[in-house]
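*Asks:* Listed in order, the protein sequences are those of chains A and B. Everything in the first sequence is counted per numbering that gives the first Met the number 0, starting at 0 for the first residue and increasing by one. Everything in the second sequence is counted per numbering that gives the first Met the number 0, starting at 0 for the first residue and increasing by one.
Some hints here could point you the wrong way.
Treat identical chains as interchangeable: a pair holds within one or across any two.
Once the Cα atoms are required to be at most 30 angstroms apart in a straight line, the calculated DSSO-like pairs of lysine-lysine come out as [as the list claims (entries may be wrong)]: (1) K109 with K71; (2) K104 with K125; (3) K45 with K125; (4) K122 with K82; (5) K104 with K71; (6) K125 with K109; (7) K82 with K125; (8) K45 with K71; (9) K71 with K125; (10) K71 with K82; (11) K109 with K82; (12) K104 with K122; (13) K82 with K104; (14) K104 with K45.
FYI, nobody ran anything at the bench for these hints, they're computed from the structure. This structure is a prediction, so every number in the text was calculated from the model and none was measured.
2 protein chains.
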Amino acid sequence: MRWAKIEWQGAVSYGIVEGDRIALVEGGLFDVGQRTGRTAPLNEVKFHVPLIPRTFYAAGMNYVDHVIEQAKIAGREPNIPAKPDIGYRANNALIAHNEAIVKPKDSTEKFQYEGELVAIIGKQVKHVSEADALDSVFGYTIGNDVSERTWQNSDRTLWRAKNTDTFKPMGPWIETDVDLEPMRTTVRLNGREVISFDTNNMLFGVARYISAMSQYLTLYPGDVIWMGTEGRAENMVPGDVCEIEIDGIGSLSNPIVAED
Amino acid sequence: MRWAKIEWQGAVSYGIVEGDRIALVEGGLFDVGQRTGRTAPLNEVKFHVPLIPRTFYAAGMNYVDHVIEQAKIAGREPNIPAKPDIGYRANNALIAHNEAIVKPKDSTEKFQYEGELVAIIGKQVKHVSEADALDSVFGYTIGNDVSERTWQNSDRTLWRAKNTDTFKPMGPWIETDVDLEPMRTTVRLNGREVISFDTNNMLFGVARYISAMSQYLTLYPGDVIWMGTEGRAENMVPGDVCEIEIDGIGSLSNPIVAED
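Just need the whole structure built from these sequences, with the hints factored in.
*Replies:* The structure is reproduced here in structure tokens:
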């Protein structure tokens, strides 16, 4: 089932995506009510971020080629993570499907996309085994971990390199029925494919991360975990459109604009 | 004015601390209603975390001696930050005044307190000047940035070193009328003073941080910024009580217990 948060005819609500229409429902994602009986055409609604994270987790370095390529950019030896150490992103940076990624005035040309699988936690867990970990996942969506590489290498933290306003497109919706194994993630810039990779070919998969995290922290419904990206990205410039497609979920598309 | 979130006679509400009593009010911190007319004795209420952060920011290395001492522990040269690069903590780890800090079973003996000033944002700001930045602060509270130093040095991120459940005591309340300049922060372990420092003797003060952050990100009401700590901490063991006092705000006290 596909859950979207949308605005239509002046009202914001959750809905269930069915073909090219969305059936509106009462209530929120975790306290969903009845269908209202109204449906909206998908191509007429404004998408919202499907869920504002309770805590916004991000795996960071979680695909081998990406670790190697980022080390090259930074001019150091690659350091393949030996265990799943989770990181954080910030809610201020979230934007929805079709909203504009704003390239800051002082950004260098190294302004890049990162296509990522996003797991949405639906159940409170602590000390969960890897075998049971996926039971805590409500569904999956798509994230673009937009990154300014110069700041990523110069700053002490990732605050502005990855959490400047509009740097975290997430959506378009949450898909609850997903088979991770055959998935591919494909990123397109202005319609041209720039990378395609096996989504689940991670250093540490979703279940491994959730189980490891839950040995020390409680995961709550509404927490989200961005699972990292593969390869080396190209630069984006204002006027570009960046699209991230993950099989079985959908496609997240955002234009790039220059800061006023 | 001192705003506390408390539980008394089975109900949770905000209240205004006045002497040894608290006057209960209707509504939340940013949509406060009328006084209910009821007051509770301070020594009979259960404190809650005064505010669940919208985004939980933390300055990290923000006092000179602390940067030097942490570098010694890690066995490297100190690297004094040249600019305010903000970091993040996570809400799962928050506990209130008087609640127990749980030392994990596999924690090493390097399990330590960090007494910190916490600024609570009350106004949405972007591109704010340093001169105007403090107008966005609703008030201040106290934080204990509990840290497991072995994990802090071994892990790729601070996720478990600083964000394990119960590692972030915050409270007891939010003080809106504060003069930063003469403040001192004093940490006591079982009543014995272990450090006392000028709270505002930061590498980058509250106004500088807020202004710098707001050049890239929007700050929202309910965001919190932990401002870092000074010096080298001692270890805490189960049975200890750690108390952090900041002049003009109050005192945050938490017992340490062992994980079951």
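*Asks:* Indicate, hint by hint, whether the structure satisfies it.
*Replies:* Evaluation of the provided hints:
no., hint, verdict
1, K109 with K71, "within (14 angstroms within a copy, 35 angstroms between copies)"
2, K104 with K125, "between (43 angstroms within a copy, 15 angstroms between copies)"
3, K45 with K125, "between (36 angstroms within a copy, 25 angstroms between copies)"
4, K122 with K82, "within (24 angstroms within a copy, 40 angstroms between copies)"
5, K104 with K71, "within (26 angstroms within a copy, 39 angstroms between copies)"
6, K125 with K109, "between (39 angstroms within a copy, 24 angstroms between copies)"
7, K82 with K125, "within (18 angstroms within a copy, 37 angstroms between copies)"
8, K45 with K71, "neither (40 angstroms within a copy, 53 angstroms between copies)"
9, K71 with K125, "neither (37 angstroms within a copy, 34 angstroms between copies)"
10, K71 with K82, "both (21 angstroms within a copy, 25 angstroms between copies)"
11, K109 with K82, "both (29 angstroms within a copy, 21 angstroms between copies)"
12, K104 with K122, "between (41 angstroms within a copy, 25 angstroms between copies)"
13, K82 with K104, "between (37 angstroms within a copy, 19 angstroms between copies)"
14, K104 with K45, "within (27 angstroms within a copy, 49 angstroms between copies)"
Going down the numbered hints, you'll see the structure goes against 8, 9, while the others check out.
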